[in-house]
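Take these sequences, add in the hints, and give me the full structure.
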Amino acid sequence: MVHRARASHVGSCLSSADILAVLYGAVMRFDPAAPTTPDRDRFILSKGHAAAAVYSVLAQIGCLAHTDLDEYGNDGSLLMTHVSHKIRGVEFSTGSLGHGLPFGVGKALAARRLHAVWRTFVLMSDGEMDEGSNWEALMFAGHHRLDNLVAVIDYNKLQSLASVKATLDLEPLSAKLESFGWSARELDGHDHAALQEALSTTPWAPGKPSIVIAHTVKGKGVSFMENRVEWHYKSPSATQLDEALAELRSSHA
Amino acid sequence: MRSAFIDELAAQAALDSRIALVVGDLGFSVVEPFADRFPDRFVNSGVAEQNMMGLAAGMASEGYHPFVYSIANFPVFRCAEQIRNDVEYHDLPVTIVAVGGGLAYGNLGYSHHAVQDYGFMRMLPSMLIAAPGDPMEVRACVRYLARHPQPSYLRLGKAGEACLHGDVPEVTPGRWIKIVGGDGTNTFLTTGATLPLAREWLDHQDYQGWALHSLPLWGMRTKALQAAQAVAWKRVISVEDHLQDAGFGSWLLESCLPLAGRPAIEIRGLSSEIFGKVGTQSRLNALGGLK
Chain Y
0 MVHRARASHV
10 GSCLSSADIL
20 AVLYGAVMRF
30 DPAAPTTPDR
40 DRFILSKGHA
50 AAAVYSVLAQ
60 IGCLAHTDLD
70 EYGNDGSLLM
80 THVSHKIRGV
90 EFSTGSLGHG
100 LPFGVGKALA
110 ARRLHAVWRT
120 FVLMSDGEMD
130 EGSNWEALMF
140 AGHHRLDNLV
150 AVIDYNKLQS
160 LASVKATLDL
170 EPLSAKLESF
180 GWSARELDGH
190 DHAALQEALS
200 TTPWAPGKPS
210 IVIAHTVKGK
220 GVSFMENRVE
230 WHYKSPSATQ
240 LDEALAELRS
250 SHA
Chain A
0 MRSAFIDELA
10 AQAALDSRIA
20 LVVGDLGFSV
30 VEPFADRFPD
40 RFVNSGVAEQ
50 NMMGLAAGMA
60 SEGYHPFVYS
70 IANFPVFRCA
80 EQIRNDVEYH
90 DLPVTIVAVG
100 GGLAYGNLGY
110 SHHAVQDYGF
120 MRMLPSMLIA
130 APGDPMEVRA
140 CVRYLARHPQ
150 PSYLRLGKAG
160 EACLHGDVPE
170 VTPGRWIKIV
180 GGDGTNTFLT
190 TGATLPLARE
200 WLDHQDYQGW
210 ALHSLPLWGM
220 RTKALQAAQA
230 VAWKRVISVE
240 DHLQDAGFGS
250 WLLESCLPLA
260 GRPAIEIRGL
270 SSEIFGKVGT
280 QSRLNALGGL
290 K
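Protein chains in written order, with numbering that gives the first Met the number 0: chain Y, 0 to 252; chain A, 0 to 290.
Note that these hints are calculated values from the structure, not bench results.
Please note that a few of the clues may not be correct.
What the hints assert, rightly or not - If you anchor each label on the Cβ, the simulated ranges turn out as follows: (1) Y:Y232 to A:R146: 47 to 57 Å; (2) A:A259 to Y:A64: 45 to 55 Å; (3) Y:D129 to A:P124: 41 to 51 Å; (4) A:S125 to Y:G61: 26 to 36 Å; (5) Y:A64 to A:R146: 36 to 46 Å; (6) A:P32 to Y:D187: 51 to 61 Å; (7) Y:H84 to A:E31: 28 to 38 Å; (8) A:G108 to Y:D69: 51 to 61 Å; (9) Y:R3 to A:N106: 58 to 68 Å; (10) Y:E170 to A:N43: 53 to 63 Å.
Ideal Cβ placement from N, Cα and C applies to all residues, glycine included.
Listed below in structure tokens is the structure:
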């Protein structure tokens, strides 16, 4: 998709892929045949640039047709390269960072006040933790004890120009989040069992929203993309695509 | 206007359980009648406007119709992108409520001068601007918005404004409301809190026989309705306590371009003279050209 559309952000998609697979495959109450049913769990992709990964998962579970993906980023397509609510199964459009968590907080607050049992999941990037709006939302959710809210930070350690550490260091991240009234857990964001265990058992502490700090690798699974800043932007050539697919296939053989 | 707003909102909330009130830690001695009566539908987001608007959009996506209340520019420019992306692009029923529109907080300085808000709101395709001219129009606008939940911006004055209408008028987006009929040649067309000011001008000898209309509900979607109403007049003077640039008058002028100069439209709004100045509302309005 990304190659065909000559689009960016393939590295960001690969760091999120395992998290999305576990959420949609094993954690969320979500019926691909009825993606707007009222008691579904809500998923918000706040790092909207990882849209290709979400569209792929939605196709994998049968919410979209695989052939829909061929339209990604094309002229006139609904599949814009930042995630779009006009796509079946997508709750919310993002693309500007720092919007997903406040919106998810509103959903979680609504669920609480309406006595609904569904949960809200928000997948965020590490870079967007620079946004003040996220810290406003973290403070609000902690204060209002929204334990039906779950956030995951895809902590791949790379931002747009340099590492997180060199840009605006987030550490000590877990302690900061805990101090805002959240229950935080750190785990390997490519470990399906660890993700499933953590995300299936929220709230970990009654009255506290839950946040997973998922340590990930940008460009995961493709040796020449892993931990390379340029793959925030570059689009793989035909040769690079073949190489990447071969690596991914052999690692899952 | 503030008390008419909260009174009418509470009345509508009693009829419609979707209506909620979200405030940005403002509204002391104003919002209590709602908060006390509907605690489950009242949220104080704290001094955090981006989260305030984002969470209002999230609530709206789950069936609520939040009215998001704060002062002047705070619920507009501090969270402009949340309004653009989260509310308006998703076509969610959030009503942004700014109290102290125009220069109502003239003494509080530039931070509190809401004179560029129409410019932003009128660029959003489905945003309905509600700028009532008196407390009766406030009630009419709140009733309309409660019955037609949509992305919307309610711009209020402050407190103590006189009523020009004897009763709550019927309001329809894009439709001029007749206040004074005149002799049918020329008219003032106001939006927002400048309605009483234009009413005073009618007594001046230069405007003998002039009509007065108010247009409280307008936006990009209602441009197409303007030319047919404007063409009946020889001259129209639009009146607003907003910058002349990108405001109500320029919206009217754009709407009437197909008429090729008939009627003659004059935009009476604020000039850049008011930037950085401090004073009462009436003094600053006069300084900016509203006299």
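Outcome of the hint check:
no. : hint                         : result
1   : Y:Y232 to A:R146: 47 to 57 Å : holds, 48 Å
2   : A:A259 to Y:A64: 45 to 55 Å  : holds, 51 Å
3   : Y:D129 to A:P124: 41 to 51 Å : violated, 30 Å
4   : A:S125 to Y:G61: 26 to 36 Å  : holds, 33 Å
5   : Y:A64 to A:R146: 36 to 46 Å  : holds, 40 Å
6   : A:P32 to Y:D187: 51 to 61 Å  : holds, 53 Å
7   : Y:H84 to A:E31: 28 to 38 Å   : holds, 36 Å
8   : A:G108 to Y:D69: 51 to 61 Å  : holds, 56 Å
9   : Y:R3 to A:N106: 58 to 68 Å   : holds, 60 Å
10  : Y:E170 to A:N43: 53 to 63 Å  : violated, 32 Å
The structure is inconsistent with the numbered hints 3, 10, although it conforms to all the rest.
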